[in-house]
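**Student:** Chain by chain, the residues:
Number of protein chains: 2
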Amino acid sequence: NMVWMDDVDDDDEGEEDDDQNGGGGGGGNERQREHPFIVTEPGEVARGKKNGLDYLFYLYEQCREFLIQVQKIAKERGEKCPTKVTNQVFRYAKAAGANYINKPKMRHYVHCYALHCLDEAASIALRRSFKERRENVGAWRQACYNPVVVVAAAYGWDIDAVFNSHPRLSIWYVPTKLRQLCHVERSNAAAAAASSSVTGGGPDHLSF
Amino acid sequence: NMVWMDDVDDDDEGEEDDDQNGGGGGGGNERQREHPFIVTEPGEVARGKKNGLDYLFYLYEQCREFLIQVQKIAKERGEKCPTKVTNQVFRYAKAAGANYINKPKMRHYVHCYALHCLDEAASIALRRSFKERRENVGAWRQACYNPVVVVAAAYGWDIDAVFNSHPRLSIWYVPTKLRQLCHVERSNAAAAAASSSVTGGGPDHLSF
DNA sequence: CGCACGGGCGACCAGCGGACGGTGAGCAC
DNA sequence: GTGCTCACCGTCCGCTGGTCGCCCGTGCG
Numbered sequence: 001n002m003v004w005m006d007d008v009d010d011d012d013e014g015e016e017d018d019d020q021n022g023g024g025g026g027g028g029n030e031r032q033r034e035h036p037f038i039v040t041e042p043g044e045v046a047r048g049k050k051n052g053l054d055y056l057f058y059l060y061e062q063c064r065e066f067l068i069q070v071q072k073i074a075k076e077r078g079e080k081c082p083t084k085v086t087n088q089v090f091r092y093a094k095a096a097g098a099n100y101i102n103k104p105k106m107r108h109y110v111h112c113y114a115l116h117c118l119d120e121a122a123s124i125a126l127r128r129s130f131k132e133r134r135e136n137v138g139a140w141r142q143a144c145y146n147p148v149v150v151v152a153a154a155y156g157w158d159i160d161a162v163f164n165s166h167p168r169l170s171i172w173y174v175p176t177k178l179r180q181l182c183h184v185e186r187s188n189a190a191a192a193a194a195s196s197s198v199t200g201g202g203p204d205h206l207s208f
Numbered sequence: 001n002m003v004w005m006d007d008v009d010d011d012d013e014g015e016e017d018d019d020q021n022g023g024g025g026g027g028g029n030e031r032q033r034e035h036p037f038i039v040t041e042p043g044e045v046a047r048g049k050k051n052g053l054d055y056l057f058y059l060y061e062q063c064r065e066f067l068i069q070v071q072k073i074a075k076e077r078g079e080k081c082p083t084k085v086t087n088q089v090f091r092y093a094k095a096a097g098a099n100y101i102n103k104p105k106m107r108h109y110v111h112c113y114a115l116h117c118l119d120e121a122a123s124i125a126l127r128r129s130f131k132e133r134r135e136n137v138g139a140w141r142q143a144c145y146n147p148v149v150v151v152a153a154a155y156g157w158d159i160d161a162v163f164n165s166h167p168r169l170s171i172w173y174v175p176t177k178l179r180q181l182c183h184v185e186r187s188n189a190a191a192a193a194a195s196s197s198v199t200g201g202g203p204d205h206l207s208f
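As they're listed, the protein sequences go chains C and Y. Under UniProt numbering, the first residue of the first sequence is numbered 1, with each subsequent residue one higher. Under UniProt numbering, the first residue of the second sequence is numbered 1, with each subsequent residue one higher.
Since the hints were derived computationally from the structure, they do not count as laboratory data. Just so it is clear, CB atoms sit at the ideal spot from N, CA and C, and this is done for glycine as well. The reader is advised that the hints may include incorrect statements.
FRET-style restraints, in silico, Cβ to Cβ [said to hold, decoys possible]:
1. C:A154 <-> Y:R168: 44 to 52 Å
2. C:D119 <-> Y:S129: 23 to 31 Å
3. Y:S195 <-> C:N87: 34 to 42 Å
4. Y:R168 <-> C:A191: 34 to 42 Å
5. C:A193 <-> Y:I68: 22 to 30 Å
6. Y:K103 <-> C:K84: 34 to 42 Å
7. C:K103 <-> Y:N188: 37 to 45 Å
8. C:N87 <-> Y:S170: 21 to 29 Å
Listed below are the simulated BS3-like cross-link pairs for lysine-lysine, each with C-alpha atoms no more than 30 Å apart in a straight line [unchecked claim]:
9. C:K84 <-> Y:K131
10. Y:K49 <-> C:K84
11. C:K105 <-> Y:K75
12. C:K80 <-> Y:K94
13. C:K94 <-> Y:K75
14. C:K72 <-> Y:K72
15. C:K177 <-> Y:K177
16. C:K80 <-> Y:K105
17. C:K80 <-> Y:K131
18. Y:K105 <-> Y:K177
19. Y:K72 <-> C:K75
Facing chain C, a subset of chain Y residues (Cβ under 8 Å, in silico) [to be verified]:
20. Y92
21. D160
22. A161
23. N164
24. R179
25. Q180
Can you make the complete structure from the sequences, with help from the hints?
**Tutor:** Here it is in C-alpha cells:
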C-alpha cells in the first residue's frame with residue numbers, strides 16, 4: 001500500500017541538465033512537476049512517466065493525515081482547529097516534505113475522490129470503461145461529476161449533506177461546479193414533478 | 001419583547017444641527033452612532049441616552065434571524081450555506097435596514113452573550129453586582145470572561161464544544177481572547193494535577 | 001457651558017477559498 | 001528527432017475573519 005510513496009521519491013533524474021537553470025547556485029535536485037495522471041484500474045501500475053489513479057486517491061488520504069496532525073497541534077496550543085483541508089494544511093504538507101501535494105491539484109479532483117468514497121463500484125466501473133476507450137484524464141474527470149450527482153439525489157440533492165455523511169470526504173470543500181450541477185438537477189427534478197402533477201400524477205406522458 | 005425595536009427607531013433628533021455637517025446635500029436624519037451600553041438588570045430600561053444589556057442580547061437574536069434568512073436564500077440558489085454569522089450576514093442586516101448592527105460591536109460582546117446563554121443565573125448575578133457597584137460597561141465586559149471559562153472547565157476546557165452545545169451560541173465564532181483564557185486555565189489545571197499527583201494525590205497540601 | 005471619559009464602529013490587514021491558463025513534460029510517429 | 005497535445009501548479013483575486021484606535025457622544029461640575 002505504500003508502494004506509491006516509493007514511486008514518488010526514487011525516480012530517475014537529470015534528463016535535461018544542459019538547457020535549463022543557467023547561472024546561480026545548485027538546484028534542480030527535486031522533481032519539479034509530478035508525472036501526469038492516466039486512467040488506471042485499481043491495482044494497476046501506470047506505465048511510462050505517468051501516475052495512476054490509486055496514487056491520486058492516496059494523496060487524499062495523505063492530506064487527511066496531515067490535517068489530523070495540524071488539528072492535534074492546534075488543540076495542544078489552544079488555537080483554532082480546522083475541520084477542513086485548508087491552506088494551512090497544504091503549507092504543513094509542503095514543510096513536511098510532501099512537496100508533490102498542492103492545492104490546485106487536490107481541489108481539481110475532489111469530486112473524483114468523492115465518487116471513489118461514495119460508490120466504489122461505480123468508480124471502478126468508470127475507470128475500467130475510460131481506460132478501455134483510451135480516454136484521457138480530463139475526460140474521465142468530467143465523467144465523474146454525474147455519478148456523484150446521482151448519489152446526491154438520494155439526499156435531496158443536498159451535496160453538503162452527502163460530503164458530511166462520509167468521514168474521509170467531509171474534510172474536503174464541496175467544489176463549486178459540483179454544487180451547481182446538483183442545484184440544476186434538483187431544479188429539473190422539481191420541474192418534472194410539477195409538470196407531472198399537473199396531469200394528475202399518474203404515469204408521466206408528454207404534456208404541453 | 002419587541003419594545004427595544006421601538007427604542008431604536010423612534011428616538012429624538014436634531015440636538016446639534018448648527019455645528020456639524022457643513023455644506024453638501026441633506027443628511028443627518030439617522031442616528032449615526034448607537035447610544036453606549038450601560039450595565040442594567042434584566043427588564044430594566046436604561047436611563048438617559050444609553051442602551052441596556054437586554055437590548056444588547058436582543059441584537060444577537062436579531063443576527064440569528066438574519067443568518068436564517070441568508071441560509072434560506074443560499075439553499076434556494078444552490079450556493080454555499082453559512083453556518084456562522086459571517087460578513088455576508090452583517091451585510092444582509094445592513095441592507096435590511098438594521099444599520100445599528102455591525103461586526104465590531106457584535107464580536108466585542110460575544111463572550112457576554114455566551115454567559116447569558118450558558119448560565120443565565122450567573123449572568124444576572126454579575127449584571128446586578130456590577131450595576132450596584134456603578135461599574136462601567138468595559139469592566140462588566142471584562143468580568144464576563146471568567147464565568148464562561150468556568151463553564152468550559154466542565155467540557156475539558158474545550159470552548160468550541162461549549163459553543164457548539166448551545167444552538168443560539170453555536171452560530172458565533174469563539175473570540176480569540178476567550179479561547180486563550182481557556183487554554184491558559186487548562187494548562188494551570190494540568191500543572192496543578194501533576195504537582196498534586198507527585199505528592200500522592202491526597203488532599204492538596206503545599207509542596208515544593 | 002466646557003472638559004474628560006470611554007466606547008462605537010469605520011477602516012484596515014494578513015491570509016483565506018477559489019480559479020485560470022502558460023509552460024513544458026510527455027508520447028507517437 | 002520532431003511536433004503537438006494536455007494537464008500541473010504558480011500565481012493571481014475578491015473577500016473573509018479579526019482587530020485597533022479615532023472620533024465624538026455623553027454626563028458632570
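**Student:** Each hint should be assessed against the structure and marked as holding or not.
**Tutor:** Hint check:
1. Look at A154 of chain C against R168 of chain Y: about 32 Å separates their beta carbons, and that is not inside 44 to 52 Å.
2. About 60 Å separates the C-beta atoms of D119 of chain C and S129 of chain Y, a value inconsistent with the hinted range of 23 to 31 Å.
3. In this structure, S195 of chain Y and N87 of chain C meet the distance hint of 34 to 42 Å, their C-beta atoms being roughly 40 Å apart.
4. Judged by the Cβ atoms, the range 34 to 42 Å given for R168 of chain Y and A191 of chain C holds: they are separated by roughly 37 Å.
5. Taking 22 to 30 Å as the suggested C-beta distance range, the pair A193 of chain C and I68 of chain Y conforms, at roughly 26 Å.
6. Distance hint for K103 of chain Y and K84 of chain C: a CB-CB separation of about 23 Å, inconsistent with the stated range 34 to 42 Å.
7. Evaluation of the 37 to 45 Å hint for K103 of chain C and N188 of chain Y yields a pass: the beta carbon distance comes to about 39 Å.
8. Between N87 of chain C and S170 of chain Y the C-beta distance comes to about 25 Å, which sits within the given range of 21 to 29 Å.
9. For the given pair, K84 of chain C sits about 44 Å from K131 of chain Y by alpha-carbon distance, which is inconsistent with the 30 Å threshold.
10. For the hint linking K49 of chain Y to K84 of chain C, the alpha-carbon distance of about 46 Å lies beyond 30 Å, and the restraint is violated.
11. Taking the CA atoms of K105 of chain C and K75 of chain Y, the gap is near 28 Å; set against the 30 Å cutoff, the hint holds.
12. Between K80 of chain C and K94 of chain Y the alpha-carbon distance is near 28 Å, which keeps this suggested pair within the 30 Å criterion.
13. Among the hinted pairs, K94 of chain C with K75 of chain Y is inconsistent with the structure: their alpha-carbon atoms are about 36 Å apart, more than 30 Å.
14. Note on K72 of chain C and K72 of chain Y: the hinted pairing is violated, with a Cα-Cα distance of about 34 Å set against a maximum of 30 Å.
15. About 38 Å separates the Cα atoms of K177 of chain C and K177 of chain Y, which puts this hinted pair outside 30 Å; it is violated.
16. Between K80 of chain C and K105 of chain Y the alpha-carbon distance is near 21 Å, which keeps this suggested pair within the 30 Å criterion.
17. The suggested pairing of K80 of chain C with K131 of chain Y is violated, with an alpha-carbon distance near 34 Å, which exceeds 30 Å.
18. Our distance criterion of 30 Å between C-alpha atoms is met by K105 of chain Y and K177 of chain Y, whose separation comes to about 15 Å.
19. Simply put, K72 of chain Y and K75 of chain C have alpha-carbon atoms about 33 Å apart, too far for the 30 Å limit, and the pair is violated.
20. Checking Y92 of chain Y against chain C by beta carbon gives a least distance of about 20 Å; that is not within 8 Å, so the hint is violated.
21. For D160 of chain Y, the interface hint holds, since its Cβ comes within 8 Å of a Cβ in chain C; the closest pair sits about 7 Å apart.
22. Using the Cβ-Cβ criterion of 8 Å, the hint placing A161 of chain Y at the interface with chain C is not satisfied: the shortest such distance is roughly 11 Å.
23. Among the interface hints, the one on N164 of chain Y is violated; its C-beta lies about 11 Å from the nearest C-beta in chain C, farther than the 8 Å criterion.
24. Because the closest C-beta pair between R179 of chain Y and chain C is about 6 Å apart, less than 8 Å, the hint holds.
25. Interface hint status for Q180 of chain Y: upheld, as the beta-carbon distance to the closest one in chain C is roughly 6 Å, under 8 Å.
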